[in-house]
Amino acid sequence: MSGTREGGNRETEKKFPAIVHKAANACDINVSTRKNATMTRQSDIFSGIIQVSRCYPNAPVNNELDFKVKSLILQALAEPEDPRRKTIQSLLALTDYLPKSKTKERIDLGLQPYYDEAVKHTEKYMIEHLEKFPERYDLDINNASASEVTQCFVRWYNLNIKPDCIDVRRRYKKIKFVDLDAPASQENATSKGETIADPKPLLPIDEVEQKERFRQLKAYFETDPEQRLRNCATRKYPSCNCWELIKRRILTSPPQTFQEIKKDLGIPLDNITRLWYNKCVPLLAKIAEEIGYEIDAKKLQQIEEE
Amino acid sequence: MRNATENCITIRFQESDRKCAEKFATDQPTAEQNQQVYRNTLAVLAVNTFVQELRYETDLDAGDSWHPVIRMFHNVADLVLPGIGKIECCPVKGGEEAIFLPSEVRENRIAYVAVGFAEPFDKVKLLGFMPAVEIGDETEEISLSELKPIEELLDYLYRIESGISELQPEIEELISSLDEDDPVEKAVREILARQSIAEIVAKFNRVYRSHEASYWGYEGGKALAGVGSGGGSLGGDNRGSSMNKSLSMDTTSNIEDDVAADLNQIAKDLLKKLAEIWGDGDG
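Going line by line, the protein sequences match chains H and D.
Each step along the first sequence adds one to the number in the working numbering, with nothing skipped, and position 273 is 273.
Count along the second sequence from 1, then add 306; that gives the number in the working numbering.
Same shape as in the complex, but just chain H (with noise of 0.2 Å):
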């Protein structure tokens, strides 16, 4: 482990004059860095010095540094699109020197080959969704402290460089990701401005109603007075039917496991899974439906489709 680590520092070593040029552009400064010419230059990226330790994890955090990631975060925040971009890519130079952040040297290793492309992403997602990073960590920006707002900052910043690496990831591997900016239902992507001023938890219901439509479906599961749950079974195990799961994972309380049906019943555990999920769920729902319960359109089309 110390041989890695030390490995690591002839590591970082090696890369330092590329940091440091990375940062300065960020800020907009030249440096030199050749030989004996670093040490002092360096300095000028901020007026503190930034030691070579920066670049470890939980090193202490340089003051000068949280403010200049506080500031171009609240420059970014005031910022439209196309500025925004400048000031997000200065803000991501400066992830080498943060504490904890994921950076390509330190996300897991079976991450690192896709961390250049993801970086990419990171830096769009950042751009279009820069609100977020405040609402997340409840965090008053301009009141918080620097260097509250950099260990936040850090935070969001390993929260999305990490899915970004997965999702790439997936890409080659041709898994199936999700596509942010499509979201699959648009009645929860998220935008600031619609927060709910106080949303009552306890609703005005009619109880009576409620509890008689509620006593009649459970009845309806009690007795299956048409025979519609026995006779929807599995035909190789007629006695693993609808009825007898409703009994035992609906009615019974605590419910049993499908492991216990399946001691109980002595049926493989695919047969019993298979019947619940294509046959019995949907059936719950037309049941409900006919007795007066307001039935999503989708959880009624997969029981039109069996």
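Only true hints are included.
Sample of chain D residues facing chain H (criterion: CB under 7 Å; computed from the structure): (1) Ile315; (2) Arg318; (3) Pro335; (4) Arg361; (5) Pro374; (6) Val375; (7) Ser409; (8) Glu410; (9) Glu457; (10) Leu460; (11) Tyr464; (12) Ile583; (13) Gly585.
These are calculated hints, taken from the structure and not from any lab test.
Every value quoted in this text rests on a predicted model; they were computed, and no experiment measured them.
Ideal Cβ placement from N, Cα and C applies to all residues, glycine included.
We have chain H already, so just place chain D on it with the hints.
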């Protein structure tokens, strides 16, 4: 308000979330269930937002919490991540110090996420999570102080996801190659086949995070056999399992030893593969 640097993530509700929760709550037969379903729905929607921001696909409709009948009978707040598993989103009211797990949510879950509610109910805080394999089958509550930081959920999901894609072909091939007529191979085959790949990966993740590489064979073999605490509640066919149950009455201790040795070797080999993709850059 919690300090911003604490390990929480805040999710602000939208009007559409509230409407959805109200709609689901309206059908409940009692005022108590009405509130329960309202909170459960908002908890699922909050975790859904967070998990989608982690670039994971979710399927709200596939959850029991989204089923109009099942949520009337059971206290469920599950969120399905296709190909990975179910997360249970556990509402935590102000002043509560633990998440409570009704028996109906202890089966077939990969993790429990604590969702903190506080007035004026315009937002929630995701307080942390617990992998399902780290609690026993009978666990009824988890103290908030025991939870892992919510941001580590990403690492956990990634390990499950990448582990499934890495091990699925290996384990399927292994199972099909084991000889039904050999008592040792038959027992090993039964032990592997009764667990989902996600469950095996989650168990290995626990071994990987808790033990040095020299113990991976022994600890991984025990985890595969279902020996020890926290056998897991991810589903599959593992509940209350032990090697003895899968072997015939006249099984000798030699066969048991051979099965254990085989499982140790399998665990060691598979964990080595997982280490290649799970290793941290920090070393």
